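With chain A held as given, fit chain B onto it using these hints.
Top line first, the protein sequences correspond to chains A and B.
Be aware that the first sequence starts at 48, since it is given in our numbering, and climbs by one per residue.
Be aware that the second sequence starts at 48, since it is given in our numbering, and climbs by one per residue.
Hints in this document: simulated from the structure, not taken from any laboratory.
Keep in mind it's a predicted model, so treat the numbers as computed, not measured.
Heads up, a few of these hints could be off.
Chain copies aren't distinguished; within one or between two, either way the pair holds.
Unchecked claim - Below are the BS3-like pairs computed for lysine-lysine, each with C-alpha atoms no more than 30 Å apart in a straight line:
#, residue 1, residue 2
1, 209, 388
2, 430, 410
3, 430, 150
4, 150, 209
5, 388, 150
Residue strings, one per chain:
There are 2 protein chains.
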Amino acid sequence: VNVEVLNTGTELLLGSVTNTHLAYFGQQLFPLGLRIDRQTTIPDGASIRGALLDAFPRCDILLVTGGLGPTTDDITREITAELLGFRLVVDETIAAVIRERLKRRNILLRERMLRQAMVPEGATVLPNAHGTAPGLYIPPVLTPALSTPHLFLLPGPPRELKPMFESYVQPLLRRIRGELPNQECRTYHIVGLGESAVEELIGMELSLRGDIEVGYCARPNEVDLRLIAPRAVLEEVEPRVLEAMGRHLVSTDGDLIEEVVVSRLTELQKTLALAESCTGGLLANRITNVPGASLVLLEGFVTYSNDAKIRSVDVPEDLVITHGAVSEPVARAMAEGAAAKTGADFGIGITGIAGPSGGTPEKPVGTVFIAVTQRGGQTECRKEIFPTDRETFKQLATQVALDMLRLRIFEDEEAAPRHAMARTS
Amino acid sequence: VNVEVLNTGTELLLGSVTNTHLAYFGQQLFPLGLRIDRQTTIPDGASIRGALLDAFPRCDILLVTGGLGPTTDDITREITAELLGFRLVVDETIAAVIRERLKRRNILLRERMLRQAMVPEGATVLPNAHGTAPGLYIPPVLTPALSTPHLFLLPGPPRELKPMFESYVQPLLRRIRGELPNQECRTYHIVGLGESAVEELIGMELSLRGDIEVGYCARPNEVDLRLIAPRAVLEEVEPRVLEAMGRHLVSTDGDLIEEVVVSRLTELQKTLALAESCTGGLLANRITNVPGASLVLLEGFVTYSNDAKIRSVDVPEDLVITHGAVSEPVARAMAEGAAAKTGADFGIGITGIAGPSGGTPEKPVGTVFIAVTQRGGQTECRKEIFPTDRETFKQLATQVALDMLRLRIFEDEEAAPRHAMARTS
Numbered sequence: 048v049n050v051e052v053l054n055t056g057t058e059l060l061l062g063s064v065t066n067t068h069l070a071y072f073g074q075q076l077f078p079l080g081l082r083i084d085r086q087t088t089i090p091d092g093a094s095i096r097g098a099l100l101d102a103f104p105r106c107d108i109l110l111v112t113g114g115l116g117p118t119t120d121d122i123t124r125e126i127t128a129e130l131l132g133f134r135l136v137v138d139e140t141i142a143a144v145i146r147e148r149l150k151r152r153n154i155l156l157r158e159r160m161l162r163q164a165m166v167p168e169g170a171t172v173l174p175n176a177h178g179t180a181p182g183l184y185i186p187p188v189l190t191p192a193l194s195t196p197h198l199f200l201l202p203g204p205p206r207e208l209k210p211m212f213e214s215y216v217q218p219l220l221r222r223i224r225g226e227l228p229n230q231e232c233r234t235y236h237i238v239g240l241g242e243s244a245v246e247e248l249i250g251m252e253l254s255l256r257g258d259i260e261v262g263y264c265a266r267p268n269e270v271d272l273r274l275i276a277p278r279a280v281l282e283e284v285e286p287r288v289l290e291a292m293g294r295h296l297v298s299t300d301g302d303l304i305e306e307v308v309v310s311r312l313t314e315l316q317k318t319l320a321l322a323e324s325c326t327g328g329l330l331a332n333r334i335t336n337v338p339g340a341s342l343v344l345l346e347g348f349v350t351y352s353n354d355a356k357i358r359s360v361d362v363p364e365d366l367v368i369t370h371g372a373v374s375e376p377v378a379r380a381m382a383e384g385a386a387a388k389t390g391a392d393f394g395i396g397i398t399g400i401a402g403p404s405g406g407t408p409e410k411p412v413g414t415v416f417i418a419v420t421q422r423g424g425q426t427e428c429r430k431e432i433f434p435t436d437r438e439t440f441k442q443l444a445t446q447v448a449l450d451m452l453r454l455r456i457f458e459d460e461e462a463a464p465r466h467a468m469a470r471t472s
Numbered sequence: 048v049n050v051e052v053l054n055t056g057t058e059l060l061l062g063s064v065t066n067t068h069l070a071y072f073g074q075q076l077f078p079l080g081l082r083i084d085r086q087t088t089i090p091d092g093a094s095i096r097g098a099l100l101d102a103f104p105r106c107d108i109l110l111v112t113g114g115l116g117p118t119t120d121d122i123t124r125e126i127t128a129e130l131l132g133f134r135l136v137v138d139e140t141i142a143a144v145i146r147e148r149l150k151r152r153n154i155l156l157r158e159r160m161l162r163q164a165m166v167p168e169g170a171t172v173l174p175n176a177h178g179t180a181p182g183l184y185i186p187p188v189l190t191p192a193l194s195t196p197h198l199f200l201l202p203g204p205p206r207e208l209k210p211m212f213e214s215y216v217q218p219l220l221r222r223i224r225g226e227l228p229n230q231e232c233r234t235y236h237i238v239g240l241g242e243s244a245v246e247e248l249i250g251m252e253l254s255l256r257g258d259i260e261v262g263y264c265a266r267p268n269e270v271d272l273r274l275i276a277p278r279a280v281l282e283e284v285e286p287r288v289l290e291a292m293g294r295h296l297v298s299t300d301g302d303l304i305e306e307v308v309v310s311r312l313t314e315l316q317k318t319l320a321l322a323e324s325c326t327g328g329l330l331a332n333r334i335t336n337v338p339g340a341s342l343v344l345l346e347g348f349v350t351y352s353n354d355a356k357i358r359s360v361d362v363p364e365d366l367v368i369t370h371g372a373v374s375e376p377v378a379r380a381m382a383e384g385a386a387a388k389t390g391a392d393f394g395i396g397i398t399g400i401a402g403p404s405g406g407t408p409e410k411p412v413g414t415v416f417i418a419v420t421q422r423g424g425q426t427e428c429r430k431e432i433f434p435t436d437r438e439t440f441k442q443l444a445t446q447v448a449l450d451m452l453r454l455r456i457f458e459d460e461e462a463a464p465r466h467a468m469a470r471t472s
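Bound conformation, chain A alone (with noise of 0.2 Å):
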């Protein structure tokens, strides 16, 4: 089964916006048995007419997002339905859906809204339940003229368009599909090895297997190893990946290194509190993207000044005035003092220069210090110098944040049951 997307939108060419949709299908449709085999962006208008004729030939479903708003420049229900060949038709129920809910949001009903309401003849309305423009779905149409695959026509929004895809497109897809096909996919999410490390380690001996496909994706201090392959091949080589990874090996299943650490610490019952300078928040941000964070982040503090760092989280003075704001004696007090204050079991401090500015040649920009500490125990530092943009700075940072913290709590696996009958006691 061939699969194609079809984004439209100039914003997305121009880099207004980021086009997230790709990576969203692509999580949506592997449990499903099927694989993208090309996705294409075009702009907004007359460009969706060659790029449909382009692509109904070469695959069997196609996936198109955008250009079903109310606006001019909106016109790919309009294009479809004329290299198609069907009329559209103005589609009551819809209507009454787009004037009920204008009504309820107090908003003008304006003429041009209604043109969401039209609709193919022969096409399945998929409800938005976040928008006024309703999804589409053209089963194929096989004339002499013309060959089309399973057609979607849905909404450009990302928060109109996943509900409606969970909702409406997905058993349609399981529909289409029909039985899943031998294959899986396992993603192992590995932290502080290279691409080619993890090739020497264990992936030249996969891909010479020949009954795995072996792929690599390398991002900033990680590495996703992914697999596809049979599930019998697949537990037939997983020992002998996790013997190879080891301790860099942060989850076999996708799961993000902050949900590893939540789920962990959750699993513990232990707590947790930041202090955090130069990564502003984005350590706090990552756990608490996390459902059910509450139940181990107790506080973060983001003490940007000297200071927040003295208030709040009891750096004593004369540590900044001698060692300065970044460095190793302030990064531990940092960690501890989260951890004092709040009563925390662990606490992270991470104190650096995200630049462009404020660099020394001492402490060029990206020098960031990061301690992670356990109540009544032992508190760890790092050194790191990443000398990049002030983003990728915060990621990394957190990243190693996470990692040590991670190490920490899974080693620390004795300490639990005396831990949680201490809490019972």
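This is chain B only, laid out in the frame that chain A set:
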């Protein structure tokens, strides 16, 4: 000039990674007077051959990313050389750089890493300051059998691609492009109006002129109105746009709302403190993504637990007991407490229920109270309900907070000089 982008990477199609290249290229090309006409994503491996052959006749400039690394699924360099009929030869300079780089980082040299030093004859090497694989520029080839565009082969990892693009690709493109065309793009960043309302208020009128390309891009709680036309035309219509959008207009140069807020506070020499509960540090993170935020943000408190709200930003315990942690009085107390505790001029407090769990009939998931205060002045509080996923909820809530602060600090123009005087006296 026709420009296309070809991204290779199975991880992009599987959704392991979001494709950020397109947005980056779009933003980089526009000021050069270039626009991307089409972007395609294909898997690693053999499909690069067909995709290159498809794209060659369609475009004048082709930017290819990915597949230049050391692993077995990286074959962009080899397939390109084969299609163009070029021999691959070892570039000893690159080989030396790779050896040196690995030695410095204490990484064992693996034979396959030297594949990255292979260069098609006639290609220009684009040095990679942040990785081992260099980029390549291959000028157009015109043979009876084949005619190719200006071809750029670039690395996949953004931290390698971006510096290479800015140092080497941009100057080459500028030379290829020649003179800038007589077109400019202006983007009006609008908060608090929907796409249809923007079109109603101004867009239709602009579209009807015929000499302006009008585009919209709607995101949660914001719309970009994008106009493309000769500069004189843009300058003629701008006053009308400014008038129609009024206080909903955040910026005319694509600046994000957090950038506008930080720059305005810097100008006013005023400071800010935050107390976030349900947004978990995202507001601090957005603000500290702006270089220079340290002049403005004194401290952020991620007061996730009730204890933290009481201890760190002095929320009276009886308010939490009487009204609940998610309530207008607590949001107000958080904003006021954050400002008082840190001595900041402005304080923001956010408390709500991000979900997926934790809702009640009176306060469903998505409920959020957002308060903005000025020390010694009034505190304003808004209640919103955003029944969406956790991350969109956090985005929407921080967006409203930034907009409330923005309106406050732009209305407050006369206060600035007084404040500055008070400081120096």
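Consistency of the hints with the structure:
For a Cα distance limit of 30 Å, the shortest separation of residue 209 from residue 388 qualifies neither inside one copy, at 41 Å, nor across copies, at 42 Å. In this assembly of identical chains, the alpha carbons of residue 430 and residue 410 lie at most 30 Å apart only when taken from the same copy (11 Å versus 45 Å across copies). In this homomeric assembly, residue 430 and residue 150 come within 30 Å of each other (Cα to Cα) only across copies, at 20 Å, whereas the closest approach inside a single copy is 58 Å. For the identical chains of this complex, residue 150 and residue 209 are intra-copy neighbours only, at 24 Å inside a copy versus 47 Å across copies, given an alpha-carbon limit of 30 Å.
Taking the closest pair of Cα atoms, residue 388 and residue 150 never come within 30 Å of each other, the shortest separation being 50 Å inside a single copy and 44 Å across copies.
Going down the numbered hints, you'll see the structure goes against 1 and 5, while the others check out.
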